[in-house]
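Kindly generate the complete structure, drawing on both the sequences and the hints.
With numbering that gives the first Met the number 0 applied, the sequence shown has no gaps in its numbers, which climb one by one up to 594 at the end.
These are computed hints drawn from the structure, not numbers from a lab.
As the structure is a prediction and not an experimental result, all values here were calculated from the model.
Beta carbons are placed, not taken as given, at the ideal position from N, Cα and C, and that holds for glycine.
Be aware that one or more of the hints could be misleading.
Using 25 Å as the maximum straight-line C-alpha spacing, the simulated DMTMM-like pairs for lysine to aspartate or glutamate come out as follows [to be verified]:
{"no.": "1", "residue 1": "K335", "residue 2": "E320"}
{"no.": "2", "residue 1": "K461", "residue 2": "E382"}
{"no.": "3", "residue 1": "K48", "residue 2": "D2"}
{"no.": "4", "residue 1": "K147", "residue 2": "D31"}
{"no.": "5", "residue 1": "K559", "residue 2": "E316"}
Computed beta-carbon distance windows for the label pairs [what the hints assert, rightly or not]:
{"no.": "6", "residue 1": "Q148", "residue 2": "D186", "range": "28 to 36 Å"}
{"no.": "7", "residue 1": "K48", "residue 2": "V80", "range": "33 to 41 Å"}
{"no.": "8", "residue 1": "V243", "residue 2": "F289", "range": "42 to 50 Å"}
{"no.": "9", "residue 1": "P183", "residue 2": "R26", "range": "41 to 49 Å"}
{"no.": "10", "residue 1": "E245", "residue 2": "D471", "range": "50 to 58 Å"}
{"no.": "11", "residue 1": "A33", "residue 2": "T585", "range": "21 to 29 Å"}
{"no.": "12", "residue 1": "H420", "residue 2": "G379", "range": "52 to 60 Å"}
{"no.": "13", "residue 1": "L589", "residue 2": "G272", "range": "42 to 50 Å"}
{"no.": "14", "residue 1": "S552", "residue 2": "A480", "range": "25 to 33 Å"}
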Amino acid sequence: MADYRAPLREMNFLLHEVFAADELWARLPGLDGAVDRETADAILEEMAKLAANTLDPINRSGDEEGCQWQDGVVTTPEGFVEAYNTFCEGGWGALVGNPQYGGMGMPKMLGAQMEEMINAANISFALYPVLTAGACLALDAHGSEELKQRYLPKMYEGTWSGAMDLTEPHAGTDLGIIRTKAEPQADGSYKITGNKIFITGGDHDLTENIIHLVLAKLPDAPKGPKGISLFLVPKYLVNEDGSVGERNAVSCGSIEHKMGIKASATCAMNYDGAKGWLVGELNKGLAAMFTMMNYERLGVGIQGLGASERSYQNAVEYARERIQSRSPAGAQQPDKAADPILVHPDVRRMLLTQKALIGGGRALSTYVAQWLDIAKFGAGEGEEKQKADAMVALLTPVAKAFFTDKGLECTVLGQQVFGGHGYIREWGQEQLVRDVRITQIYEGTNGIQALDLIGRKTVANKGAYFNLFADDVQQFIDAQANNGEMAEFIQPLSTELQRLRDVTARVLAAAQEDPNAPGAASVEYLHLFGYVAYAYMWARIAATALPQTGADSFYAGQVKTARFFFARLLPQTRALAESIDAGSATLMDLEAELF
0 MADYRAPLRE MNFLLHEVFA ADELWARLPG LDGAVDRETA DAILEEMAKL AANTLDPINR
60 SGDEEGCQWQ DGVVTTPEGF VEAYNTFCEG GWGALVGNPQ YGGMGMPKML GAQMEEMINA
120 ANISFALYPV LTAGACLALD AHGSEELKQR YLPKMYEGTW SGAMDLTEPH AGTDLGIIRT
180 KAEPQADGSY KITGNKIFIT GGDHDLTENI IHLVLAKLPD APKGPKGISL FLVPKYLVNE
240 DGSVGERNAV SCGSIEHKMG IKASATCAMN YDGAKGWLVG ELNKGLAAMF TMMNYERLGV
300 GIQGLGASER SYQNAVEYAR ERIQSRSPAG AQQPDKAADP ILVHPDVRRM LLTQKALIGG
360 GRALSTYVAQ WLDIAKFGAG EGEEKQKADA MVALLTPVAK AFFTDKGLEC TVLGQQVFGG
420 HGYIREWGQE QLVRDVRITQ IYEGTNGIQA LDLIGRKTVA NKGAYFNLFA DDVQQFIDAQ
480 ANNGEMAEFI QPLSTELQRL RDVTARVLAA AQEDPNAPGA ASVEYLHLFG YVAYAYMWAR
540 IAATALPQTG ADSFYAGQVK TARFFFARLL PQTRALAESI DAGSATLMDL EAELF
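Following this line, the structure appears as structure tokens:
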């Protein structure tokens, strides 16, 4: 397996040249000069070292050893405790945290690049700090001042970690039917009783305490999702002086034996009258949890992106070194028995597909992070913030599902480049395929993301959120109208944007008559949206790179990859549109007994 090397050139190109991040940061009042280009570059360089030198070396060994559970105690693989301590000593868990409680207050545009690196180097490891960051976000947004003062500093510094406890054996997507109970106590706390499953980082040996955010219902709560509340339940109770006290009545009953991410502890958690505290308002826990869920969904998308980058690096190195057969155009290395497989068109197809999907995905993750930063650090509650909130809501399911669907595609393509060597343990490709597979499932399956995009984010507001995105793309198209060099990208982008507009209008119309129409269109619609969003990203990349192609081969490579995307990948939108237009009839007409 190739040693992981963070793609710093690509990241810096996107941040500073395509998106002019330093200019955005300078004008956002909430950042108040906290970060500039020099600071951002230094942060990324240090994280690149940590990812390559500390996290990558324990990735395979962590998969081989896995987490262990014995008598209620969970231990992580060898080297994980030391790596986690190194991670925390660098302050990485506090990078995007609230400075009022010990965070660094850095923008998400920077945090997204950091997350890609740690996920590319070691997805299992990355889950522990990323889940903690999400828990911090929810607590910071909805917790009382007392809870924030007590828990956030320790969580930011990494002494304590966080976990998100939603799923129950009978309740996954439909959280409205959860059974975990919360009973009010005289001291203002609640007694939490119930069972949760599939809890990432529910127990482990990396931190002295684990802070669970648990969904539960009061005995008299309304039925369904409107009766869910959110509670903070620590593994160990916290004394008045902030030190760790006695064990709470929460325990890990077992860990799952999984297809991948084996060094991440996925736990079944038991709450036997555990002491917890309300986060936010009663019966509004789902909204509070979704503050964390939306963060995690972008983070899961970035896991798919990181795995894709790792797969690509492995496959490129192999394709350059593996000699097999001669080039169709004649021997390229006549002094050797055969040519490197990189000369073969189909190998190039597989590598370029990965490169194009990774480049588009990295740009889109940066674009979504840009809107997150505007929403968080912008001034007041004005029109720009409202637009940013809407754009984040619209694009989050696209980022989660499209990045991870393409993540599996990229890791399988990388495996295919290796041929038989990709199927055996030695080269590491089969681990990537196993690890990335979960990203299409957890934090809301990709089918649920597609329903969210078409239902809540499009049909429910009659296309208002969609129109914001379409207008943003159209403004770019209009700005490039007189740039002859960009015509090869702008003309197809304009065509594809109109295709997406037309399909959206037809789905909106169909939804008025057919309740199954949105669900029937959902997955293909999300993929259509994803390809058009990537086309927008690649057009922006091309617009930045074209004037500089003569000066640096990097820019020429960006333009040539953009051409590949437009010529070989973007045409898939036509088939997706036809599938969407077919409607729901063929899906719903088959009687249940005939399946």
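Going through the hints against the structure:
A distance of roughly 12 Å separates the Cα atoms of K335 and E320; the hinted pair therefore holds under the 25 Å criterion. Restraint check for K461 and E382: the C-alpha separation of about 19 Å stays at or below 25 Å, so the hint holds. A threshold of 25 Å between alpha carbons decides the hint, and for K48 with D2 the separation of about 12 Å falls inside it, so the pair holds. About 23 Å separates the Cα atoms of K147 and D31, which keeps this hinted pair within 25 Å; it holds.
Pair hint K559 plus E316 holds up; C-alpha atoms about 20 Å apart against a cutoff of 25 Å. In this structure, Q148 and D186 break the distance hint of 28 to 36 Å, their C-beta atoms being roughly 18 Å apart. For K48 and V80, the Cβ-Cβ distance of about 20 Å falls outside the hinted range of 33 to 41 Å, so the restraint is violated. At about 30 Å, the CB distance of V243 to F289 disagrees with the hint of 42 to 50 Å.
For P183 and R26, the Cβ-Cβ distance of about 46 Å falls inside the hinted range of 41 to 49 Å, so the restraint holds. For the pair E245 and D471, the supplied restraint of 50 to 58 Å holds, since their beta-carbon distance comes to about 53 Å. A C-beta distance of roughly 54 Å is found between A33 and T585, which places it outside the suggested range of 21 to 29 Å. Take H420 and G379: their Cβ atoms lie about 57 Å apart, and the range 52 to 60 Å holds.
Restraint check, L589 to G272: a C-beta distance of roughly 48 Å satisfies the suggested window 42 to 50 Å. Separated by about 29 Å at the C-beta atoms, S552 and A480 satisfy the suggested range of 25 to 33 Å.
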